[in-house]
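The hints should help you fit chain B onto chain A, whose structure is shown.
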Amino acid sequence: MASFGIDAIRYFNHARAAGVSTADDLTYTFNRGNGFDGKLRGSGHSRSFYWANTDCWETDVRDADQGGDDRSYVDNVDLFWIETHGNHTSDGQARMLFDTPQTGWRTFSGNWQLGENWNAEWVMAYSCKTVDRGNVAGLWNIFAGLHIYCGAWDNMYDGITTDECGEDVADNLVHGHTVSEAWHDGVSDWAVDNHPITVCVGDAATWNNGSIRWDRSFLNRDHLWGHGNVDPDLPPNRQACILWRWTEG
Amino acid sequence: MDTNQLMESLASFKQDVPTELGVLEVRRSSVDELLRRLRKLLKSGGEACDKAFDRGQWTTYEDRTLVRLPQGAFAVVYHASGGVKLSAGLAPMENLFKEPESRAVLMQRAEGFVKDMGLQDSLGRAESLTFERLWQIKAAAADRSGKVIDAVLCRAVGAFRHHIDGIPVLGPASVALKIAGDGSLDALSMLMRAPAGEVLEMAKLLHPERVARQMTQRVAERFAQAKGGIKVECRDGLRFGYLSLPKRKQQRLLAPVYMATFDVTHEQERQGFVLALPATEKSYLPLEAPGAESVVADTSKLSARRCC
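Sequence lines, in order, name chains A and B.
Going by the working numbering, 21 is the number at position 15 of the first sequence; the sequence numbering is gapless.
Going by the working numbering, 124 is the number at position 118 of the second sequence; the sequence numbering is gapless.
Just chain A, with the same shape it has in the complex:
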């Protein structure tokens, strides 16, 4: 079975007070986080951590080589769910806001290196626009063994019709959907304009001189541990391409 961790931030009063961001509080962060947590634990998966608000730190995901503590948190679990405000930088890095400067107010994916001799297989970020669809390769460095990054290429909405997204994603995972499909389907109600995207890396055989073997990709093959196939990690020296799948409407 899988181990998972959650960083969920609803309140941003400290970031606003410090003049770091004007972003407003969210409302249904914990409806989604609790739903995700409850469904996974109810199916026998183990929660390693569930940090809320100011207990979520940017060092949770920053690589240990760069002063972070990912080996205790994000890189120490199979699946990581994060909810906060986000965006991307001009060079395609995911950027997400925290409500405490421990040690920075924001995380930048240029400092992540996940799956590197550790556990992380999948990251799910319910956060706006953390993937630049015009420069998805800006995320390449995070795949040091990580299989799939599930995020958004535009906004993700907080509202009474999206409060069950966490449960939906978790239900999909334990019902046997692939990880990629669990994310796309789980965060989409096909009415609110959520913009999911899933990103993975592939080897030379998957790139196949540009005639992609989609059937070989993590997007097509990976399931949550205990609910289907999980492909082996792909170390950076064997990564030949980056692949992404998105929903648009």
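There could be a bad hint or two in this list.
[Stated by the list, open to error] Derived DMTMM-like pairs: lysine to aspartate or glutamate, alpha-carbon spacing no greater than 20 Å straight-line:
{"#": "1", "chain 1": "B", "residue 1": "K144", "chain 2": "A", "residue 2": "D221"}
{"#": "2", "chain 1": "B", "residue 1": "K144", "chain 2": "B", "residue 2": "D188"}
{"#": "3", "chain 1": "B", "residue 1": "K255", "chain 2": "B", "residue 2": "E31"}
{"#": "4", "chain 1": "B", "residue 1": "K144", "chain 2": "A", "residue 2": "E254"}
{"#": "5", "chain 1": "B", "residue 1": "K121", "chain 2": "B", "residue 2": "D188"}
{"#": "6", "chain 1": "B", "residue 1": "K237", "chain 2": "A", "residue 2": "D31"}
{"#": "7", "chain 1": "B", "residue 1": "K144", "chain 2": "B", "residue 2": "D171"}
{"#": "8", "chain 1": "B", "residue 1": "K288", "chain 2": "B", "residue 2": "E26"}
{"#": "9", "chain 1": "B", "residue 1": "K255", "chain 2": "B", "residue 2": "D69"}
{"#": "10", "chain 1": "B", "residue 1": "K57", "chain 2": "B", "residue 2": "D122"}
{"#": "11", "chain 1": "B", "residue 1": "K237", "chain 2": "A", "residue 2": "D160"}
{"#": "12", "chain 1": "B", "residue 1": "K237", "chain 2": "B", "residue 2": "E227"}
{"#": "13", "chain 1": "A", "residue 1": "K45", "chain 2": "B", "residue 2": "E299"}
{"#": "14", "chain 1": "B", "residue 1": "K104", "chain 2": "A", "residue 2": "D221"}
{"#": "15", "chain 1": "B", "residue 1": "K307", "chain 2": "A", "residue 2": "E254"}
{"#": "16", "chain 1": "A", "residue 1": "K45", "chain 2": "B", "residue 2": "E68"}
{"#": "17", "chain 1": "A", "residue 1": "K45", "chain 2": "B", "residue 2": "E26"}
{"#": "18", "chain 1": "B", "residue 1": "K153", "chain 2": "A", "residue 2": "D209"}
{"#": "19", "chain 1": "B", "residue 1": "K144", "chain 2": "A", "residue 2": "D138"}
{"#": "20", "chain 1": "B", "residue 1": "K153", "chain 2": "A", "residue 2": "D97"}
{"#": "21", "chain 1": "B", "residue 1": "K144", "chain 2": "A", "residue 2": "D160"}
{"#": "22", "chain 1": "B", "residue 1": "K46", "chain 2": "B", "residue 2": "D122"}
{"#": "23", "chain 1": "B", "residue 1": "K255", "chain 2": "B", "residue 2": "E294"}
{"#": "24", "chain 1": "B", "residue 1": "K210", "chain 2": "B", "residue 2": "D171"}
{"#": "25", "chain 1": "B", "residue 1": "K153", "chain 2": "A", "residue 2": "D138"}
{"#": "26", "chain 1": "B", "residue 1": "K104", "chain 2": "A", "residue 2": "E254"}
{"#": "27", "chain 1": "B", "residue 1": "K237", "chain 2": "B", "residue 2": "D8"}
[To be verified] Heads up, incomplete: computed chain A residues facing chain B, CB under 7 Å, no partners named:
{"#": "28", "residue": "A58"}
{"#": "29", "residue": "L103"}
{"#": "30", "residue": "E170"}
{"#": "31", "residue": "T184"}
In case anyone wonders, no lab produced these hints; they're calculated from the structure.
Heads up, the beta-carbon is just placed ideally off N, CA and C, and yes, glycines get one too.
Leaving out everything else, chain B in the frame of chain A:
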């Protein structure tokens, strides 16, 4: 934040709103009845997916019944709402479209499934189901040199909206049909809360401009402390209709609401949220539910570290 512009987007409202509208009781169905309907749906769904769904392993939980079907397919019915999901069990990158398809062709296919599966058959006389939106799931890739391949179309999703007496029932799509490259059905979700028949009361409706003002004020209050320039947009404007809550929630009444979706551009972050307000003086639905707090008791990561 430009409140005038926001007010203008909200007030550019084109739906016809009657002066009053019935508040309706939702038809309640027993779990047995939901399961009977699911069996019927599995029959037509099996034909649409080109698979046999007559055998399955049925497990009823407190909130839902899950049916595990052959070849990785499954179906779920949620007891609180009767909402249904059916998945054919296709892997997401199998059965892709060989060529890009026009929106018209994809919409036509989705409409064909609605008809062939008889999804409108259970609707009452005053109810209808109309096409709302086409979604597409696509994929692309790049190599180390930055060479990007052309996008492939993986799935098309036709979303449909349930109407009662011509009034849309807002909320999650009433029906969403996910179509694979060979034209078969990959997945279906359906959430249609039907009226029991009785109008509980006729409620006088608020004028859209009044609600537009209320929403503008709410948004202005949310960002009153923002000193920097933020941009708030409401691209789709105000929408009016009944509201169906998400599938895991019990709902006794269908009552009229106004909804709007907002996009906020901060200096470094982006934000999206949905506001729903009653279209009546009295509020019949929990539109402003406060949101849960973390299930984890207040802990401090620092003290946890000290302790361990």
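Hint check:
The suggested pairing of B/K144 with A/D221 holds, with an alpha-carbon distance near 15 Å, which does not exceed 20 Å. Proposed proximity of B/K144 and B/D188 is supported: the alpha carbons are some 15 Å apart, at most 20 Å. Taking the CA atoms of B/K255 and B/E31, the gap is about 15 Å. The hint holds against a cut of 20 Å. For the proposed pair B/K144 and A/E254, the alpha carbon gap of about 8 Å is at most 20 Å, so the pair holds.
Distance check on the hinted pair: B/K121 and B/D188 sit about 18 Å apart at the alpha-carbon level, within 20 Å; holds. Between the alpha carbons of B/K237 and A/D31 the distance comes to roughly 16 Å, so the proposed pair stays at or under 20 Å and holds. Under the criterion of a C-alpha separation no larger than 20 Å, the hint pairing B/K144 with B/D171 is inconsistent with the structure, at around 36 Å. Straight-line distance between C-alpha atoms of B/K288 and B/E26 comes to about 13 Å, which keeps the hinted pair within the 20 Å bound.
Taking the CA atoms of B/K255 and B/D69, the gap is near 10 Å; set against the 20 Å cutoff, the hint holds. Simply put, B/K57 and B/D122 have alpha-carbon atoms about 15 Å apart, close enough for the 20 Å limit, and the pair holds. The straight-line distance between the Cα atoms of B/K237 and A/D160 is roughly 15 Å, inside the 20 Å bound, and the hint therefore holds. Annotation: proposed proximity of B/K237 to B/E227 holds, straight-line Cα distance about 14 Å (limit 20 Å).
For the hint pairing A/K45 with B/E299, the CA-to-CA distance comes to about 17 Å; that is within 20 Å, so the pair holds. For the proposed pair B/K104 and A/D221, the alpha carbon gap of about 14 Å is at most 20 Å, so the pair holds. Between the alpha carbons of B/K307 and A/E254 the distance comes to roughly 39 Å, so the proposed pair goes past 20 Å and is violated. About 13 Å separates the Cα atoms of A/K45 and B/E68, which keeps this hinted pair within 20 Å; it holds.
For the given pair, A/K45 sits about 42 Å from B/E26 by alpha-carbon distance, which is inconsistent with the 20 Å threshold. Distance hint between B/K153 and A/D209 is fulfilled; the C-alpha atoms sit about 15 Å from each other, no more than 20 Å. For a cut-off of 20 Å, the pair hint linking B/K144 to A/D138 stands: about 15 Å separates their Cα positions. Our distance criterion of 20 Å between C-alpha atoms is met by B/K153 and A/D97, whose separation comes to about 17 Å.
Taking the CA atoms of B/K144 and A/D160, the gap is near 15 Å; set against the 20 Å cutoff, the hint holds. Simply put, B/K46 and B/D122 have alpha-carbon atoms about 13 Å apart, close enough for the 20 Å limit, and the pair holds. Proposed proximity of B/K255 and B/E294 is supported: the alpha carbons are some 14 Å apart, at most 20 Å. Our distance criterion of 20 Å between C-alpha atoms is met by B/K210 and B/D171, whose separation comes to about 16 Å.
Distance hint between B/K153 and A/D138 is fulfilled; the C-alpha atoms sit about 16 Å from each other, no more than 20 Å. At roughly 19 Å between alpha-carbon atoms, B/K104 and A/E254 fall within 20 Å of each other, so this suggested pair holds. For the given pair, B/K237 sits about 7 Å from B/D8 by alpha-carbon distance, which is consistent with the 20 Å threshold. Hint status for A/A58 relative to chain B: holds, with the closest Cβ pair at about 4 Å, below 7 Å.
Hint on A/L103 holds. Least Cβ distance to chain B is approximately 6 Å, under the 7 Å limit. The closest approach between the C-beta of A/E170 and any C-beta of chain B is roughly 5 Å, which is under the 7 Å cut-off, so the hint is satisfied. Interface restraint check: A/T184 against chain B, minimum CB-CB distance 6 Å, threshold 7 Å, status holds.
Hint violations for this structure: numbers 7, 15, 17, all remaining hints satisfied.
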